[in-house]
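Peer 1: Got two chains here, each in a separate frame; can you build the complex from them with the hints?
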Amino acid sequence: MAVNGAVPNGTADATNGLSPQPTVVGINFGNSYASIAVLTKEGISECIANEDGERQIACAISFQGEELYIGNQAKPQLVKNAQNTIIGFRNLLGRKFSEIPKDKPVVSAPVIQHPNLRDEPAYRVQVLNPAPTPLPTSAAGTPAASSAPTPRSEPTPAERVLTVSEVTSIFLRSLVKSAEDFLGKKVTGAVLSVPVWFNDAQRTALEKAAREADINVLQLLEDAGAVTVTTSALWSEDVSPDRTQLVVDVGQSSLELSVLSSRQGLAYSLATLTDFSVNGDRIDEKLVKFFAKEFTKKTKTALTVCPSAERQDQRAEAKLRLAIEHTKRTLSASPGAATCSVESLKDGLDFTSSINRLRFDMEVRPIYDQIYAKVKELVASAQLDLYDIDEVVYVGGSASFPGLDETLAEGLPESVVTPFTSGTVIGGGIGDPTTILARGCALQAKLLASIGDSSEDQAVRKAFERDSEWAKTKATTKSIGLIFPEEGAEGDLDGQWVPVVLKETPLPCRRIVSLQVDVGEAASGPWKVGFEVWEVKEGVKIEKIKPPKDEDDPEEENQVGGDPDEEEEEEEEEEEEEEIETKEKTLEKVSFLSSLSFAVEEAEKTSGRLTARIEVQFLLDADGGLEVSAWEVKKSGRGQKATVTVFGPS
Amino acid sequence: MAQVVEVKVVPPPLPQSWTPPESTSKSVSPLVERKLLPAGPAYLAHVRRTVHNLSFEEHDKHAEEERKRLEALDGNGGIEDDLGVGDEAETEELLSLDPKEWKKQDHYAVLGLSHLRYKATGAQIKIAHRKKVLKHHPDKKAGAAGDSNDDAFFKCIQKAHEVLFNAEKRRQFDSVDPYYSLIEDDVPTASQVTKAKDPVKAFFKGFGPVFEREARFSKVQPVPMLGDVDAPKEAVEGFYDFWYNFDSWRSFEYLDKEVNEGSDSRDDKRYTEKKNKSERARRKKEDTARLRNIVDTALSLDPRIKRIKEEEKAAREAKRKAKTGGAATTAAEKAKQEEEKKKAEEAAKKDEEEKVRWSIVLHCSWHELNLPLVRRGLRPRKQRRLLRTRERRREELNVQRRKGRRTFYPCPVVLCVMHMDMSVFPPLR
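Taken in sequence, the protein lines are chains Z and C.
The numbers in UniProt numbering rise by one with no breaks, and the one at position 231 of the first sequence is 231.
The numbers in UniProt numbering rise by one with no breaks, and the one at position 256 of the second sequence is 256.
Everything labelled a hint here was simulated from the structure, so no lab data went into it.
C-beta atoms are modelled at their ideal positions from N, C-alpha and C, and glycine is treated no differently.
Any given hint could be a false lead.
[To be verified] In the DSSO-like style, the derived pairs of lysine-lysine whose C-alpha atoms are separated by at most 30 angstroms in a straight line are:
1. K41/Z - K185/Z
2. K478/Z - K35/C
3. K284/C - K104/C
4. K528/Z - K544/Z
5. K68/C - K186/Z
6. K61/C - K472/Z
7. K589/Z - K35/C
[As the list claims (entries may be wrong)] One-sided and incomplete, this derived list gives chain C residues near chain Z with beta-carbon spacing under 10 angstroms:
8. P15
9. Q16
10. P21
11. V28
12. R34
13. P41
14. L70
Chain C with its partners taken away, still in its complex shape (with noise of 0.2 angstroms):
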């Protein structure tokens, strides 16, 4: 814009008697020649107006578009960019926490980051923390009056950067993160889907968020979500095959009780330690059978397995009338029914022999298990992937057995076939 010089004087009125004078030249004295500096924005907008002979209005209106394209470019015009951080509200609350109990306090809320928690990045959480900093440091405060325990919530927020910005720290945390914890038990029972008005909206509504809450702590990213009621068969078995298999980095050393630092008794350290260690596996078992319950609900009561199955049943239906044609008789086609039934009775048959095998040599004792296959001289990794696979074939068939479809045969004949491979250990009979 044009700059308006501000004058500080006051001038006179206009005395009454004023006619404008004679008039003693009509022109403005003559000019001479000069050389500008080629230097600064004013040299620029003079070349600007000179090269693309502009007035100087046009030249303000140029230059005003440029201005705003040019923070428009810049996104925020010019101020800092945090990242997305932004400013929340402190609450009476948080700012009265108690340093000594910051295991109980929310790091992110303290850090005003409760808006992204497990999604913030490193560069977000710096941001955050100096942004707490230069507002709560006690050197700022020091003026005010104020109390001694002025520098707390300072305390707060430095106890919340130890935490969040040391990786391992931040994903205990994470691990129980005490917004997620508030929330984790909210999810549907079976009885809540089928009796809502809309049993698969209900279900979508339901479980969505649950898989989406739980996904964070997947080792493996990104992982597939429940997606919508026409989910191809590929997806739903793919979405079922990752939760089954779940590998989850949830952890809960953050619960721990703290080592009593004070006494020197090496045995009640100890004594703790392992307590603790004990606690973290059974949360850790207990947090794997919840992610397993929700997927076993989500799985019984998903209306797309529903569908599946009867697509599936379908285009049987449609193959075998396709072989058969539309000439077969009724009495072939009783015939090839029945044959066909004996068929299923009979693959089922198979099928149980096989479960009940499997069912054998996986309730072995797993010394027995284990001795030979460290024997054969397996990686141990490759050893731990085997008997994860049993593991879970193992509580597949057990998951069956307590609904009563099977008896359990302890059989030590087992024993004698284990340096055999498993794909060839015939069917007992």
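In isolation and in its complexed conformation, chain Z is listed as follows (with noise of 0.2 angstroms):
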């Protein structure tokens, strides 16, 4: 018998073993990468390794011979194997071949026409067939008698047709299986992330992808709804829950902005953009531009990337493309130098070289103010100033660069927050850009993995489906807010404002505000406290001054020399010439809704003032119906609660 064979030991009942997060995935499924996000046993969610220690998993799947590479092990196979291996998949999802603009250079397995379905796109891969199994043997231990020849006990090589969608599978399968692994469990469901541009046909055929790979799709969440999830998980102190918030997602191949309306976690877009001209691969290119430039000054041997046109080059560029992938993590964590080497690069030549970041900086200038235009643009389309942003979250791993938030800067407010800020960039808190969207998402997966199955549930459960009823709703237009009036205020509102609804609150909304107020000299109570409820106009006035005239300028004697920032220092001076704008977020008094005042009983010294707490809430019914109501808070309790009503516009 074993020692402890009839187990003596270890009898005592353990109290529950279950774990009480249900395990659901959140995936980011982006063109060029891929992430996954589990929720912990406390229920936050975490972005994952895969097996490979990549927590940005390359959407690539590549052939080579017998073997299938997924993720970033497929990547390395662009340089000898690319004629195999498939990249950007996902943006082919759903259309057709006819409509796929072929303009581009390829650097790996070419979309075709598929051979046997209409204007379906498709990828043609060399593969190895594993050997035939040797032929069934009959009970002697030898060869059953066959008239056919003996076969081949080699692999035979065979060509093999995938379509976008058979491709998708496979990547989304492997994900999914990575996740399992990590959990230890089968995942009953996932939340998938899309970018906002995607039309119904790209969305059903990414579903159709996802089932087929047999995952069980809670929801396709646009990248926005993802940012909303997350940065409304953890409020912080610093951080009011009515914000306006500037999405920037910096892909790999393409740039796609919105600005939310971001209402105590309730959120709509009120602008969207999406630019395939700027992207992450243009950082790529200037990078690897630079690099070549550098491997022909130290080396003499010349090196056309970008687009290169000799094999040899190219191979050089893949090369390269996949080493700059170190390199710019590096750049994105410190401000130090960044190495970039490449055994081999050309001509059996090796190269080692770094970049720091002002270097890489002045590099993607170009981009950077690309970008900042766009910003700009997608704004103005939304009828706002960039003044009026009050959060800044970046998404993906090109939006690691300080130097592109020090861009934005220019023209956003100071106190904006950002993730810079708030010092979550290499952290890996709330804001970290490249695991926003797959912690949002698996966010999400765990909160419709909590809606019951009762019939009541199932209609909440609707109103997660893609162009729900649910989801519209009315909004509104001005900021409304208290108003304590007091002779002889400074400006035209002729009191202290308190804003309460901001303005594009979705409705019906509750806000609730605790203050304290002044009672004025009196001793003893009860002492009367009002407030007028007025709607205001929000603007931004731009003043625009000279500014004093430096004449000997610091700056130009810390230039480098170089085209480039010749060029630069020429803008500059240009610029200066120029008046510089300030600006002012501004206040204008449209309506006078109504007035409530009521009388205290109890105040307390507070600073040489006498004060009282008072705590208004504002009820918005879902027509624009507007109840004020306002009470004391005493000691002991809530004290009699004053109410007044206002119509919602007819």
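Peer 2: As structure tokens, this is what we get:
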């Protein structure tokens, strides 16, 4: 008998062995990179690394003989096995072959017309079929008699045609497999992110591909939605729950911008913009070109890249592209020099070089400027000013460069919150650009998994489907708030302004503010407290002032030589001729809605003033009808409630 | 709950002359149509309110209920489940343990598992160890002013974990668990039970926990427990049957004397090992005898045995009565009784003979007994089983012999019949 064979030890009952979290995952499925997030035991979502230890999993699959490489392993195959390596397939989902532009040079397996299906894009790859199984043997252990010739025992070369949907299925399946390996349990559902510009056909195609990969898709969540979930998951002290967010998604293949009005976690998009000409690939190109120049300088070997015509140059470019991945990560993580080294880049010559952040920012300045221009365009289309943005959310690895944030910060108010100001870019907190979407998707999956199965909940579940009726809502156009009248107050407001319901707040809504009010000089109560309820118009006043002319510009001395620098210098000088813009937020009273006054009984002295604590509640119904109530917060509880109502717009 | 936004500004007092201004607009400005992003808990709450047509207060109530329900479902409200390990108070004495004396420490107490002891599962031990390590790791105490011996208790924890996490070592420790060793001899004696006010109650109260304690050593689980006064005959017999055939995993390696590692003398080592081995065997023997003693005492005091015997007697009586019928005459009855008596005597005599025969067989030298068995080619396991049964029988007989009922006759004749099946072994004349 084994030791403890009868298990005399260890019989105490375990109370509850089940993990409270559902086994759902969030998948950020981009065109170039994907990431997976799962729920931890505490219910927080966390981006996980796959078997290769990668959190940013390249969307690539490669066929090499009998082997199939998926993810980051497939990337190096682009150097020698580009014809059998498939990348950039997500954007082709649900599209017809004739719709796909074919003007771009391809560095991977080309998209072809499917031989059997009409107008269907596909890939053709060379594979090796595994060797056939040996002939069936008879009982004596010898092959059974057969008239067929003895089959070859080696794998046979074959051609395989894969549709985009099949490729996507293979890739998604591997993602979910990674998550299952991590969790040790079967994944019951997943939320996938989709770009906002995906049309119905593309979304349906993605759903179909996921279904074929045996994934239960709980929802296809737009990127902006995932951002909302992540950023509203934790209220922090320094960020107001009502804020206007600018989402800057610099992906490897496209730039996606949107302005969100996020009101206590309830958000909608005010404007979106997608541009395929500005993307992470362009940044890569700049870097590759930079390093290729360095290489030529160092080794006196010509290397033409982006675009490269010769076979050798193409290989060198592919190698450089792989190598700068590491360089870029170093650049976004530390201000020091980032190295790039490639063995046998061209003609058997090794290459090692480094670039610091300053130099890098200089190289990619044109792209930053393009992004900045696009942001301005977007904000203008939302009829806002850059100064109205309260928070910037960056998405994507290429958005982790501090240089981009510095560029954008020029136009934004100083109080703006970005992942750089809160220090979460490197630390991997809430705003970590590389994982924010996947984590949002995982949290959304958790939310959807928590909805029950009763008939009422079924209706609720429907609200998360595409183009749901329930998502339609009305929103306010002007900010509503309190004005505490004051004699001889500065400005046009005649009092102290306390905003309660901001403009672009979806209805119905409820807001409660708690504040201390000065009750005046009288020594004993009751004291009278009152306020007016106003609608106001917010604006931004732009003033232009001439800067004082500086004779000796310190910057001039700091300039380093080189062509691009001089150009910039000229630009700067031109700019300095112009006036400097200063911005200021303005308020303008539009309409008086109502007023409320009541008596308070308790007050205490704080910093020399006698103050009482009151709470004011604004309740706006779905049609805009407003109910304002206020009460005193006493030590023993709530005081008498005073209420006024205002009709909604008829 | 509704979220209350705290406003930092302190508004000025209401001017005396204030009167509400003339209303410029009686309603809120016109609204715009927007499309919400179907994401996040806020959207879910919004949809719930709209679908069920709830006001904010009603929804608050709903959400609160839901939260409570989920919390109840989780068991402990999202706090990590520690499988009932809990936190035990650490006494001053425990914290000042010397890791060099680890053999003497109570490993369960060190890991804070003294409420579970041998019942603790592997997972519980793991959790308990982790808890203790998090608390007592030297790195945690690096900042605090402490002496160089600060990690003594941590070493004790590691030792305890080493012992308890290894199944073999744990079994050895459990065999001599100090907590149970203290109360091991706490067994009621015959006089204690019989002299008690209520002997029956005293018996069950006294022996119940004893058997529960001893049950943990059984290789066969579950172990039948003492039960109560009304236990049926089968249960009682099953109980004693089990406990007389008790198969214990208890062993005494833990109490071995440390082989002196410092000396290279092989002889020294061998001597110690030999001594340890004999010591173990002696202890095991003592333990078996101790348990046997307990069971014997229990059997002799068990009120149920008396009851069962009486019941059997009554049943026999009833049966006989039913057989003879109420019409039988006294004489016939007497004759019958006589006959019965004679029969019983005969049976008793036969029984006696049988037993004598057994005793003879079983008291032969083991060499003599083993020899033919081996020659017969039985499989070793079967052989052992046979030997075990015999040993048991012999012991039973020995007990009886000690009581003076039997005398021992060595009989060389037995050797002649060793090859025969025991059941056809003819009675001695």
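Peer 1: Take the hints in turn and mark each one as holding or not.
Peer 2: Now for the hints, and whether the structure bears them out:
1. Proposed proximity of K41/Z and K185/Z is supported: the alpha carbons are some 14 angstroms apart, at most 30 angstroms.
2. At most 30 angstroms may separate the alpha-carbon atoms for a hinted pair to count; K478/Z and K35/C meet this at roughly 18 angstroms.
3. For the suggested pair K284/C and K104/C, the alpha carbons sit about 20 angstroms apart, so the restraint of at most 30 angstroms is met.
4. For a cut-off of 30 angstroms, the pair hint linking K528/Z to K544/Z is broken: about 44 angstroms separates their Cα positions.
5. Simply put, K68/C and K186/Z have alpha-carbon atoms about 28 angstroms apart, close enough for the 30 angstroms limit, and the pair holds.
6. Under the criterion of a C-alpha separation no larger than 30 angstroms, the hint pairing K61/C with K472/Z is consistent with the structure, at around 25 angstroms.
7. Annotation: proposed proximity of K589/Z to K35/C holds, straight-line Cα distance about 28 angstroms (limit 30 angstroms).
8. Because the closest C-beta pair between P15/C and chain Z is about 5 angstroms apart, less than 10 angstroms, the hint holds.
9. A distance limit of 10 angstroms between C-beta atoms decides the matter here; for Q16/C the minimum to chain Z is near 9 angstroms, and the interface restraint holds.
10. Hint status for P21/C relative to chain Z: holds, with the closest Cβ pair at about 6 angstroms, below 10 angstroms.
11. This hint holds: V28/C has a C-beta 5 angstroms from the nearest C-beta of chain Z, less than the 10 angstroms allowed.
12. Hint status for R34/C: holds, given a least beta-carbon distance of 5 angstroms to chain Z, under 10 angstroms.
13. Look at P41/C: its Cβ gets to within about 6 angstroms of chain Z, closer than 10 angstroms, so that hint holds up.
14. Because the beta carbon of L70/C sits about 8 angstroms from the nearest beta carbon in chain Z, less than 10 angstroms, this interface hint is met.
Consistency with the previously given hints fails for number 4 only.
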